[in-house]
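**Student:** Let chain A serve as the given structure and place chain B on it in line with the hints.
Chain residues, written in single-letter form:
2 protein chains.
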Amino acid sequence: MVNPHRYCVIMCGGIGSRFWPYSRSLRPKQFIDFLGTGRSLLQMSYDRILDIVPRENIIIITNEQYAVLVREQLPELAADQVLLEPARRNTAPCIAWAACHIAARDPEASIIVTPSDHLITREKLFLDSVTEGFAFVEENDALLTLGIKPTRPETGYGYIQVGPVVAGDIHKVKTFTEKPRLELAEVFVESGEFFWNSGIFLWKASTIISALKECAPDVANTFERGAGLYGTPAEAEFIRENFPGCMSISIDFAVMEKARNVYVECVNFGWSDLGTWSTLYDNSPKNRDGNVTQNCSVLAYNSTGNMFAVNDGGKLVVVDGLKDYIIADAGDVLLICPLAEEQRIKQMVNDAKLAHGDKYL
Amino acid sequence: MVNPHRYCVIMCGGIGSRFWPYSRSLRPKQFIDFLGTGRSLLQMSYDRILDIVPRENIIIITNEQYAVLVREQLPELAADQVLLEPARRNTAPCIAWAACHIAARDPEASIIVTPSDHLITREKLFLDSVTEGFAFVEENDALLTLGIKPTRPETGYGYIQVGPVVAGDIHKVKTFTEKPRLELAEVFVESGEFFWNSGIFLWKASTIISALKECAPDVANTFERGAGLYGTPAEAEFIRENFPGCMSISIDFAVMEKARNVYVECVNFGWSDLGTWSTLYDNSPKNRDGNVTQNCSVLAYNSTGNMFAVNDGGKLVVVDGLKDYIIADAGDVLLICPLAEEQRIKQMVNDAKLAHGDKYL
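Each protein sequence line maps, in turn, to chains A and B. According to our numbering, the first sequence is numbered sequentially starting from 142. According to our numbering, the second sequence is numbered sequentially starting from 142.
Note that these hints are calculated values from the structure, not bench results. If you're wondering where the values come from, they're calculated on a predicted model, not measured in any experiment. Some hints could be false.
[Unchecked claim] Under 8 Å between C-beta atoms, here's a sample of chain A residues computed to sit facing chain B:
(1) TYR442
(2) GLY455
(3) VAL460
(4) ILE477
(5) ARG485
[Said to hold, decoys possible] Only pairs whose alpha carbons sit at most 27 Å apart, straight line, appear in this in silico DSSO-like list of lysine-lysine:
(6) LYS313(B) <-> LYS354(B)
(7) LYS494(B) <-> LYS427(A)
(8) LYS500(B) <-> LYS487(B)
(9) LYS487(A) <-> LYS464(A)
(10) LYS354(B) <-> LYS315(B)
(11) LYS464(B) <-> LYS494(A)
(12) LYS399(B) <-> LYS427(B)
(13) LYS464(A) <-> LYS464(B)
(14) LYS427(A) <-> LYS315(A)
(15) LYS500(A) <-> LYS427(B)
(16) LYS464(A) <-> LYS487(B)
(17) LYS464(A) <-> LYS265(A)
(18) LYS320(A) <-> LYS399(A)
(19) LYS500(A) <-> LYS487(A)
(20) LYS427(A) <-> LYS494(A)
(21) LYS464(B) <-> LYS487(A)
(22) LYS290(B) <-> LYS464(B)
(23) LYS487(A) <-> LYS320(A)
(24) LYS399(B) <-> LYS320(B)
(25) LYS427(A) <-> LYS399(A)
(26) LYS427(A) <-> LYS290(A)
(27) LYS427(B) <-> LYS494(A)
(28) LYS313(B) <-> LYS290(B)
(29) LYS313(A) <-> LYS399(A)
(30) LYS494(B) <-> LYS464(A)
(31) LYS464(A) <-> LYS399(A)
(32) LYS500(B) <-> LYS427(A)
[As the list claims (entries may be wrong)] Here are the computed distance ranges between Cβ atoms for each label pair:
(33) VAL328(B) <-> GLN484(A): 51 to 57 Å
(34) ASP192(B) <-> ARG429(A): 58 to 64 Å
(35) GLY455(A) <-> VAL328(B): 48 to 54 Å
(36) GLU482(A) <-> LYS320(B): 55 to 61 Å
(37) GLY431(A) <-> GLU264(B): 48 to 54 Å
(38) GLU382(B) <-> ASN428(A): 30 to 36 Å
(39) LEU495(B) <-> ASP188(A): 57 to 63 Å
Where is the CB? At the ideal position from N, CA and C, for every residue including glycine.
The shape of chain A in the complex, shown without the other chains:
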């Protein structure tokens, strides 16, 4: 039987600018059927958790501009399961609100907080890990993060150094580290002590609310002012007035790197953050030329190692002499860029904004 005090918060307010123009501000990547399975990344995140969290305990938190997309993709949710942020303020305010909202409904709630835009391939292992994590945070005053066993010296992720085991796969956290240089990443992976920071967290609602008070009092104060309004018709109005005034800060920086009671569960369930075209390429089936096609037909001549992604289905892409490129067509924007240069895309988005305003964002 599913534990009725367990909740899931799926964060899906990001704009996915690293995947521009395939991911646009009007339809970011979490709302796209990124892997061609028939379900968007958001829907896949939702489907995955249903085995261990009651349907009515799943909360989607997103930017208000995506309200219609969430309703379309998850029509089975009740209105109070979708929290709409009136502004983008990174993860700490988002998590604080969700915790207050859930705590008002169920003071004994325990919560898994998860991004919506990653890929998890081994669902059974994921569910076992999350179940172990829930049990741990329900019995302990603990902030738990899931650390992924690294499979390569990735320089695009943050790492968590683990301390002593406290139970099963769960360790005290020794340090959080930022994205390392390659040499350092290689040492990290070899040591066996470092795990990728997945951005998936488990805690009791009461534990994270206490931690916010202690580590991020500015954020905590904002949401304390709403006490008594959460779960009532006045909640939305309170958020509309107070959320935009919150500082923009990540939960890692605001809480996890400061709190005393931080733990990591070392897991290995086939995870990719799908944060870059290269990781998407790596995680996608390839044809015999090593080309990956998303939602299009391709005729390729002298062209290998490319990533083709088209928003509107049915397009034919004919290409000659391209190696290791991204070709992303989004109707009114076409991007052609070497995979190795994908870190330029944020700059390109800025340049497009300078030249054309919001038209192509």
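**Tutor:** Same frame as chain A, now just chain B:
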């Protein structure tokens, strides 16, 4: 005053497959505003001749599938000025029909026959040359072709070797030659004796009809069977029944290379056949990176010498690391191909047809 016996036949039934997918079977290049001037190549051909040929003497001959496009682009033409071919049979049948059609209306007619998809930059010189040509064919039993003074050893064109001068810029033709190898083309250009074959012809209706009888009796016989029907309501029905049975053959091969009375007028009025992406690139204004953009906005990084062409206006193309490529976006087909490989495009069209039928042609 404009000579009322002078006629112009503009041929515009081609499908422009070398410019696929920018030029599609549903809207070939002659119907596109190729140079961004606000007028299509067909409209430019029409505008250009109006100074010396009466409006009502301009005949458009095209495939029946383009009837609507011609009406849209030249709404001022009367119904009997648009001849619709029920099948593609190259230029000889097309020219034979047009000659019979015009001769029925005006036995004294002289005609300029011109493709619709070239570029002419020096209009005054063009008009002077055509006027000289009309006068020559009206006074002589002559088939006259316009030979363009070559500016480079182009291997994509046919050449005409000139014989002795007969009047002004007009010479007897010594030989027609096919597309030469580069070494030969260099010799041709240096010799001063060779001119590019423009595919623009002048003759009296009676002269070309006689030449067809002599050199291409099969073609001539087909159209002789329609005597008495041209210019009547029965003409269209006769053509629908008889035109498709005609052999497919070019006027060069059927007549010009065989007839005794063939002349060339050596001209120099800034001509390009716009037959390839490379010639279009050469004839288009470039930005400081040497990129040419047709109907789109471009953000280019490390990208020079490219040709960007988009059918639907308003698209933003963002490109990094492409040099000397064609990037042609036609809604449901995107082509990315090195300019130097553009001769592959015909093969690509074939491959697209094999894989997807007519959908993308």
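**Student:** All hints, please: hold or fail.
**Tutor:** Here is how each hint holds up against the structure:
no. : hint                                : result
1   : TYR442                              : holds, 7 Å
2   : GLY455                              : holds, 6 Å
3   : VAL460                              : holds, 5 Å
4   : ILE477                              : holds, 5 Å
5   : ARG485                              : holds, 6 Å
6   : LYS313(B) <-> LYS354(B)             : holds, 21 Å
7   : LYS494(B) <-> LYS427(A)             : holds, 24 Å
8   : LYS500(B) <-> LYS487(B)             : holds, 16 Å
9   : LYS487(A) <-> LYS464(A)             : holds, 22 Å
10  : LYS354(B) <-> LYS315(B)             : holds, 22 Å
11  : LYS464(B) <-> LYS494(A)             : holds, 25 Å
12  : LYS399(B) <-> LYS427(B)             : violated, 43 Å
13  : LYS464(A) <-> LYS464(B)             : holds, 13 Å
14  : LYS427(A) <-> LYS315(A)             : violated, 39 Å
15  : LYS500(A) <-> LYS427(B)             : holds, 25 Å
16  : LYS464(A) <-> LYS487(B)             : holds, 22 Å
17  : LYS464(A) <-> LYS265(A)             : violated, 37 Å
18  : LYS320(A) <-> LYS399(A)             : holds, 18 Å
19  : LYS500(A) <-> LYS487(A)             : holds, 16 Å
20  : LYS427(A) <-> LYS494(A)             : violated, 33 Å
21  : LYS464(B) <-> LYS487(A)             : holds, 22 Å
22  : LYS290(B) <-> LYS464(B)             : violated, 31 Å
23  : LYS487(A) <-> LYS320(A)             : holds, 18 Å
24  : LYS399(B) <-> LYS320(B)             : holds, 18 Å
25  : LYS427(A) <-> LYS399(A)             : violated, 43 Å
26  : LYS427(A) <-> LYS290(A)             : holds, 25 Å
27  : LYS427(B) <-> LYS494(A)             : holds, 24 Å
28  : LYS313(B) <-> LYS290(B)             : holds, 16 Å
29  : LYS313(A) <-> LYS399(A)             : holds, 13 Å
30  : LYS494(B) <-> LYS464(A)             : holds, 25 Å
31  : LYS464(A) <-> LYS399(A)             : violated, 45 Å
32  : LYS500(B) <-> LYS427(A)             : holds, 25 Å
33  : VAL328(B) <-> GLN484(A): 51 to 57 Å : holds, 53 Å
34  : ASP192(B) <-> ARG429(A): 58 to 64 Å : holds, 59 Å
35  : GLY455(A) <-> VAL328(B): 48 to 54 Å : holds, 50 Å
36  : GLU482(A) <-> LYS320(B): 55 to 61 Å : violated, 40 Å
37  : GLY431(A) <-> GLU264(B): 48 to 54 Å : holds, 52 Å
38  : GLU382(B) <-> ASN428(A): 30 to 36 Å : violated, 49 Å
39  : LEU495(B) <-> ASP188(A): 57 to 63 Å : violated, 39 Å
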